[in-house]
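Asker: One-letter residues, chain by chain:
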Amino acid sequence: MNELASAVPWLGRRNPQAARWLIVIVAIAAPLVAVLFGRTWVRVLDFALLYVMLALGLNLVVGFAGLLDLGYIAFYAVGAYTAAFLASPHFGVHLPFWIVLPVAAGCAALAGIMLGFPVLRLRGDYLAIVTLGFGEIVRIFLNNLNYPVNITNGPQGINTLDPLVLFGWDLSRNLEITENLSINSLFLYYYFFLACVAGSIVFIQRLQVSRVGRAWAAMRDDELAAKAIGINTRNLKLLAFSLGATFGGVAGGLFGAFQGFVSPESFSLMESIAVLTMVVFGGMGNVAGAIVGALILSALPEILRHLAVPLQQTLFGTVLLDPEVLRMLLLSLAMILMMLLKPAGLIPAHARYSHVEHLKRHGVSR
Amino acid sequence: MITLLEARHIDKRFGGLKALSDVSLTIGKGEIYGLIGPNGAGKTTLFNVLSGAYAPDGGEFVFNGAALPSAKPHLVVAQGIARTFQNIRLFRELTALENVMAGHHIRTKASVFGILVQNKRTREEERLTTERAYELLKYVGIERFATVTAKSLSYGDQRRLEIARALATEPRLLALDEPAAGMNATETAQLKLLIEQIRRDGITVLLIEHDVKLVMGLCDRVAVLDFGCKIAEGIPSVVQTDEAVINAYLGGGCRYEH
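Chains A and D, in that order, are what the protein sequence lines are.
Going by our numbering, the first residue of the first sequence is number 1, and it counts up by one from there.
Going by our numbering, the first residue of the second sequence is number 1, and it counts up by one from there.
Please note that a few of the clues may not be correct.
[To be verified] Sample of chain D residues lacking proximity to chain A, with all beta carbon distances greater than 10 Å (derived):
{"no.": "1", "residue": "59"}
{"no.": "2", "residue": "67"}
{"no.": "3", "residue": "178"}
{"no.": "4", "residue": "186"}
{"no.": "5", "residue": "197"}
{"no.": "6", "residue": "235"}
[Unchecked claim] Restricting the straight-line Cα-Cα distance to at most 30 Å, the calculated cross-link-like pairs of lysine-lysine (DSS-like) are:
{"no.": "7", "chain 1": "D", "residue 1": "120", "chain 2": "D", "residue 2": "151"}
{"no.": "8", "chain 1": "D", "residue 1": "18", "chain 2": "D", "residue 2": "138"}
{"no.": "9", "chain 1": "D", "residue 1": "120", "chain 2": "D", "residue 2": "109"}
{"no.": "10", "chain 1": "D", "residue 1": "29", "chain 2": "D", "residue 2": "151"}
{"no.": "11", "chain 1": "A", "residue 1": "342", "chain 2": "D", "residue 2": "72"}
{"no.": "12", "chain 1": "D", "residue 1": "29", "chain 2": "A", "residue 2": "360"}
{"no.": "13", "chain 1": "D", "residue 1": "213", "chain 2": "D", "residue 2": "138"}
{"no.": "14", "chain 1": "D", "residue 1": "29", "chain 2": "D", "residue 2": "72"}
{"no.": "15", "chain 1": "D", "residue 1": "72", "chain 2": "D", "residue 2": "109"}
{"no.": "16", "chain 1": "D", "residue 1": "192", "chain 2": "D", "residue 2": "213"}
{"no.": "17", "chain 1": "D", "residue 1": "120", "chain 2": "D", "residue 2": "138"}
{"no.": "18", "chain 1": "A", "residue 1": "360", "chain 2": "D", "residue 2": "151"}
{"no.": "19", "chain 1": "D", "residue 1": "109", "chain 2": "A", "residue 2": "360"}
{"no.": "20", "chain 1": "A", "residue 1": "360", "chain 2": "D", "residue 2": "72"}
{"no.": "21", "chain 1": "D", "residue 1": "29", "chain 2": "D", "residue 2": "138"}
[What the hints assert, rightly or not] Derived Cβ-Cβ restraints for the label pairs, each shown as a range:
{"no.": "22", "chain 1": "D", "residue 1": "237", "chain 2": "A", "residue 2": "129", "range": "52 to 60 Å"}
{"no.": "23", "chain 1": "A", "residue 1": "145", "chain 2": "D", "residue 2": "87", "range": "48 to 56 Å"}
{"no.": "24", "chain 1": "D", "residue 1": "117", "chain 2": "A", "residue 2": "363", "range": "39 to 47 Å"}
{"no.": "25", "chain 1": "D", "residue 1": "141", "chain 2": "A", "residue 2": "296", "range": "42 to 50 Å"}
{"no.": "26", "chain 1": "A", "residue 1": "129", "chain 2": "D", "residue 2": "87", "range": "38 to 46 Å"}
{"no.": "27", "chain 1": "A", "residue 1": "13", "chain 2": "D", "residue 2": "92", "range": "23 to 31 Å"}
{"no.": "28", "chain 1": "D", "residue 1": "72", "chain 2": "A", "residue 2": "113", "range": "44 to 52 Å"}
Hints in this document: simulated from the structure, not taken from any laboratory.
Beta carbons: idealized from backbone N, C-alpha and C, even for Gly.
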């Protein structure tokens, strides 16, 4: 939260307390403003929050522990499909959501450890290649495991997942307060996702400023030296993979229940790259960076879709560039400019791994 | 003399190169033990085998009466052996304080769950780690840079920070690999005082060093390695006049005998 607050332009430096409140207010008010432009925008925000969660999880692996993972979306897939298996007519199993989500997280964590073991000795490019392969393997499995025994229902995917029900409260139905006033389901999902993201942020920041976060950072900066001070790099790598995967699994479980439909094409390599781009664009190794990167890059294609066509029509009379083409063009352009002008990302990491407050009586301040 | 570390017939080969052959040493508790020899003699290799970075091809280390695990660096550190590196290896993006705190990792226990709920034990442990790290920075004399990233410290201060980080693992034996390399005379003198202080605080020191003056003034005993073999051992003033040692440093006199 502090990192996020200090990243607010202008206000963050002068009055962090006010910046903090500003963030809370914006987070709560965002869907209320978005709905003025149409319901789809609230939906866009819901998805943006899922991407925030993914970016937070990937940032833990790539930014904190320094393990370049190009197959991160596989954990998202594991979470989503676990939710689909446990709460859909596909197997006829309908477990309550508070069981489904932890199981999805657990399965993803297990997948993280499964990926972690064979790649323990790899670093950098080699690690990236193997994780990329892992991501593709998972997607191809999901695509083909409909024969001889139908497990994943192949490329058709799994339909009509149970909606998110919390203690008998169905988030997919509009909440009727009075006869005329009701809260749309999209808002309910938004606030639930917001709560999940807030919880993730707290957890990740606590991890960052702890013996585990420091050991990850040590491993990232110099693995040999980390070993020489007694850090068990094997366990810490596995921990990073499994915890990072957990966030992916939770996001996947939420995605499945929210969308009501999962299919292998949602978990392509492009998605992995998109999430990695969010982390790099925002600022690697930095919670605020991951959040801002995810928000901007997940909203960008939607904004383009709604703005590009009318804008081109008024300017040129015809649509010269398809929004999808424009999106890739702008994204690539943004990345190139980023690498040239701000290689450390929008919000460069000034990550802290200690509570310097403990040393106030020694006159130490940051 | 009570033995703290004993190297028994250590062998290490890299392909056809015998980096260490049959090296045996005995280091007593509370000693400052020097390890010298020309470049490529195998000093750093011995450090790497000791600290578990490499597995030896033969022989073993006995530390405090028990055999040291081979090629398991974190277990070696847990036993109480810490090392520094010849070419400084700090965690560059972490502050000086955080570097030392990372060094304390092995002596702390907080679990992921404890960190998540921030229970009292975790918070207390974190506070103690911070305090102790600061004390260690003070001990080596760089506490004013506590919140500065390691990469922006001066060379001499980086060396000191590396020693502080090694001390944070609470070692009984501190192995320093050329701590005075690249230091000027003033910094070397300060380093000498620091190493003497470390010994007074009950930590045995194993020292690789090229600065002969420093070694002679500091070490209780020295061993000389040449081409992977121990060619001399004893108190510095005697070793200094040893013919094999002089030959090793000045270039194989025996080969040119007429």
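Asker: Against the structure shown, which of the earlier numbered hints fail to hold, in ascending order?
Answerer: 7, 8, 10, 11, 12, 20, 24, 26, 28
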